[in-house]
Amino acid sequence: MATNLAFANIRSSGTRSVVSVSGIGVSVILIFMQLGFRGAVENTATMIFEKMDFDLLIRSKDYLHFVDSRQIPRNLATKTGQFPEVLSSEPFMVSMGNWRHPKGKRIRGIVIMGIPYGTTPFTDPEVKTNTLKLTSDRFVLIDRRTHHEFGPEELSKFGDPDIGVVTNVNNRSIEIVGHFEIGAGLTANGALITSEIGFSRLVPQDTRQKASMILVKLKPSASIDQTAEKIRELISSEDHAEVFTRPEVLKAELTRWIDQTPLGFVFQLGVIVSFIVGSAIVFMVLSNDVSNRLPEYATLKAMGYTNNFLAGIVFSQATYLACLAFVPALLFSWALYQITSLLANVPIEMTSSRVLFVFGLSLIMCWFSGLGALKKLWQAEPASLF
Amino acid sequence: MLADSKTIDELLKNWDPEPDSLRIQVTDLQHSYGSGDAEKQVLFNNHLSIPAGEIVIMTGPSGSGKTTLLTLIGTLRSVQQGSLKIMGQELNGLSAAKIVNLRQEIGFIFQAHNLFESLTAYQNVRMSTELLSKNEKESGPEIKAILKRLGLGERIHYKPKNLSGGQKQRVAIARGLINRPKLILADEPTAALDAESGREVVTMFQELASQTGCTILIVTHDNRILDVADRIVNMVDGRISSNVMVQRSSTLCSIIRGFPAFSELTASNLTAVADSLQLRRFTKGESIIKQGEVGREFYVIAQGSVDILIDGKPVNRLEAGDYFGEVALIKDQPRNATVTATESTACFMLSKVDFQSIVDASPPFEDEVRRAIFDRQ
Numbered sequence: 110m111a112t113n114l115a116f117a118n119i120r121s122s123g124t125r126s127v128v129s130v131s132g133i134g135v136s137v138i139l140i141f142m143q144l145g146f147r148g149a150v151e152n153t154a155t156m157i158f159e160k161m162d163f164d165l166l167i168r169s170k171d172y173l174h175f176v177d178s179r180q181i182p183r184n185l186a187t188k189t190g191q192f193p194e195v196l197s198s199e200p201f202m203v204s205m206g207n208w209r210h211p212k213g214k215r216i217r218g219i220v221i222m223g224i225p226y227g228t229t230p231f232t233d234p235e236v237k238t239n240t241l242k243l244t245s246d247r248f249v250l251i252d253r254r255t256h257h258e259f260g261p262e263e264l265s266k267f268g269d270p271d272i273g274v275v276t277n278v279n280n281r282s283i284e285i286v287g288h289f290e291i292g293a294g295l296t297a298n299g300a301l302i303t304s305e306i307g308f309s310r311l312v313p314q315d316t317r318q319k320a321s322m323i324l325v326k327l328k329p330s331a332s333i334d335q336t337a338e339k340i341r342e343l344i345s346s347e348d349h350a351e352v353f354t355r356p357e358v359l360k361a362e363l364t365r366w367i368d369q370t371p372l373g374f375v376f377q378l379g380v381i382v383s384f385i386v387g388s389a390i391v392f393m394v395l396s397n398d399v400s401n402r403l404p405e406y407a408t409l410k411a412m413g414y415t416n417n418f419l420a421g422i423v424f425s426q427a428t429y430l431a432c433l434a435f436v437p438a439l440l441f442s443w444a445l446y447q448i449t450s451l452l453a454n455v456p457i458e459m460t461s462s463r464v465l466f467v468f469g470l471s472l473i474m475c476w477f478s479g480l481g482a483l484k485k486l487w488q489a490e491p492a493s494l495f
Numbered sequence: 194m195l196a197d198s199k200t201i202d203e204l205l206k207n208w209d210p211e212p213d214s215l216r217i218q219v220t221d222l223q224h225s226y227g228s229g230d231a232e233k234q235v236l237f238n239n240h241l242s243i244p245a246g247e248i249v250i251m252t253g254p255s256g257s258g259k260t261t262l263l264t265l266i267g268t269l270r271s272v273q274q275g276s277l278k279i280m281g282q283e284l285n286g287l288s289a290a291k292i293v294n295l296r297q298e299i300g301f302i303f304q305a306h307n308l309f310e311s312l313t314a315y316q317n318v319r320m321s322t323e324l325l326s327k328n329e330k331e332s333g334p335e336i337k338a339i340l341k342r343l344g345l346g347e348r349i350h351y352k353p354k355n356l357s358g359g360q361k362q363r364v365a366i367a368r369g370l371i372n373r374p375k376l377i378l379a380d381e382p383t384a385a386l387d388a389e390s391g392r393e394v395v396t397m398f399q400e401l402a403s404q405t406g407c408t409i410l411i412v413t414h415d416n417r418i419l420d421v422a423d424r425i426v427n428m429v430d431g432r433i434s435s436n437v438m439v440q441r442s443s444t445l446c447s448i449i450r451g452f453p454a455f456s457e458l459t460a461s462n463l464t465a466v467a468d469s470l471q472l473r474r475f476t477k478g479e480s481i482i483k484q485g486e487v488g489r490e491f492y493v494i495a496q497g498s499v500d501i502l503i504d505g506k507p508v509n510r511l512e513a514g515d516y517f518g519e520v521a522l523i524k525d526q527p528r529n530a531t532v533t534a535t536e537s538t539a540c541f542m543l544s545k546v547d548f549q550s551i552v553d554a555s556p557p558f559e560d561e562v563r564r565a566i567f568d569r570q
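Going line by line, the protein sequences match chains L and R.
Positions 110 to 495 (my numbering) are the ones given, in order, by the first sequence.
Positions 194 to 570 (my numbering) are the ones given, in order, by the second sequence.
Simulated from the structure, these hints should not be mistaken for laboratory data.
Even for Gly, the Cβ is constructed at its ideal location relative to N, Cα and C.
The reader is advised that the hints may include incorrect statements.
As the list claims (entries may be wrong) - Partner residues are not named here, just some residues of chain L that face chain R (Cβ under 10 angstroms, in silico):
id	residue
1	Ile272
2	Gly273
3	Arg402
4	Gln488
5	Ala492
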């Protein structure tokens, strides 16, 4: 094995190398966190729709997001339900409400979902079973993923002990009769399901006339696109409604959260800034190192080593720095993901594609800086050695 | 008392090196720094030819241009004007890639050591052997041996920061020598060394020069090592002011001291004679001087023999150590005889001017020559 001058240089630089590896590590961690948050936003943005059971979704042209979806005529559900391809077509009501802590006065924003009795908008069979408990307009089901600040009996999580608890939503008295697990996503830290009558009691919306969305399920033999076209023809311009397939809904939701809010931009900017900071650190470290060793590089040139060999040393050093910084940064980021998931109640996953992407990014970051340090390297002048 | 014929043989053999064996050939080399108004010429019309196997010591005050000449020879600076050949390769206008290749045949020893701080002594030397992509199995024992020989056996795996100045110097020397380069350029290689290790280093230089024909060019002010020089080149103000082949000069002195013509000369006159002697070779039957011509040279036979003929008739035969041609010079007359080589013959020749200046400087020499003329008549 050839003498590894690059690694020897890094080792002998001691403290300086530790500082630079830490600097790079911090920027790698920052990149991981930004991407993690972005990923979490992507996941949670679509989470609720992914758990809903529909093939086609009818909603207002003015739809903004899940809890601000505006209203469409409820009779579209009835009309759509008459198509032979359609298995079911049910209205779905959703709005934000103010939840009062059962034992205090604190008010929290909560997602209120209203459904016709006996139907279920979610694929989860547990929801279906529990919605049968909604026999009174005072009764609600509470999402177990609702934040503990909403005041569960068990302090950490809603569950069986909360059944029978009575509190106020939008200043109306409600009673918890059961629970389910969905996760409301980014808009609120809690969710509840009530009957459509219960919904109209809590929210000033005439559920007999208006729905927030209509969930259409098709028979297995039906063509999604053709049915969507038929429904489109059915909708009059006064209805002010649109039809979407499932993938379209998911994509629109992602676009809204990532591209149409500052969120995506913020995370992107975060990644870019971290990348620049990391590059600057590596550049300074490498440039400094090359300057300090300029006579050594000049000696290599005098001995008959090629410029490529010299550049190779600088790039190897950059690569070593990137690798040395990446491994601990990865472990640290993974730990931070776990902690954030736990504290913020948003799942952040360390996917292998993200690991590869960030590793590639840190290599590019270091090589990019190595390229800058080369300018210094070409100053190595063997004639000045004597 | 004549020097033994073997010494003479060797001297004559190496008198004029073949152009092919020249490791350094500097012809009309000029060099300037800066440009425009700030241009300052530092080398002027330099000529220097150094054959393989020679140890050259270059001296001169600082600013005399010796470092510039050294870096030019070492391919570390590009040739501007004139011709500079090393190992037969013209450097003026040579491509960068070829220069890189050529550098691998040169061993550099820098006064500032320029070791790789993050590598051990052993690895520092290995950076040299790896250049020729030798594997460690092959080079490892060699590296250890050379470091041991230079007194670094205990410190093979020390890094430069844990070595003294002299030890660093020796690592640098090991790095310069390990590949047995064809040319070694050293800047004050013994300055940081004590007498003993300095001697060991120059002994290694001598071994390398005699065993591998390596040419070694040393810039130094260290008087202790002057004795190893085959040649001492002195530079003043950008010019080679003297270029003395000390080794040859002293051999030549000891040889010609044995010649009757020069036996009475003082040491300094003897050196002056040795420095101005030129060698002439003649084939069998070739006429060296012809009767009736104007005499311009004085000859001492180094090897072989000649016949003296007056009007075509042989009158005498001269052997090695004898001299001829002095009559015409002293009396300012035409040649009174023809001299012909009877075999392959080599003669040392002094021009009339040099001959005259020695005669002027040394009465005993004049007496000797006059006595000889008188004896012959």
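Tested hints:
1. The beta carbon of L/Ile272 comes no nearer than 70 angstroms to any beta carbon in chain R, farther than 10 angstroms, and the hint placing it at the interface is violated.
2. Given the 10 angstroms rule on beta carbons, the hint for L/Gly273 is violated: about 73 angstroms separates it from the nearest Cβ of chain R.
3. Look at L/Arg402: its Cβ gets to within about 7 angstroms of chain R, closer than 10 angstroms, so that hint holds up.
4. Nearest Cβ of chain R to the Cβ of L/Gln488: about 15 angstroms, over the 10 angstroms cut. The hint is violated.
5. With its C-beta approaching chain R no nearer than about 4 angstroms, L/Ala492 sits inside the 10 angstroms limit, and its interface hint holds.
Against the hints set out earlier in the document, violations occur for numbers 1, 2, 4.
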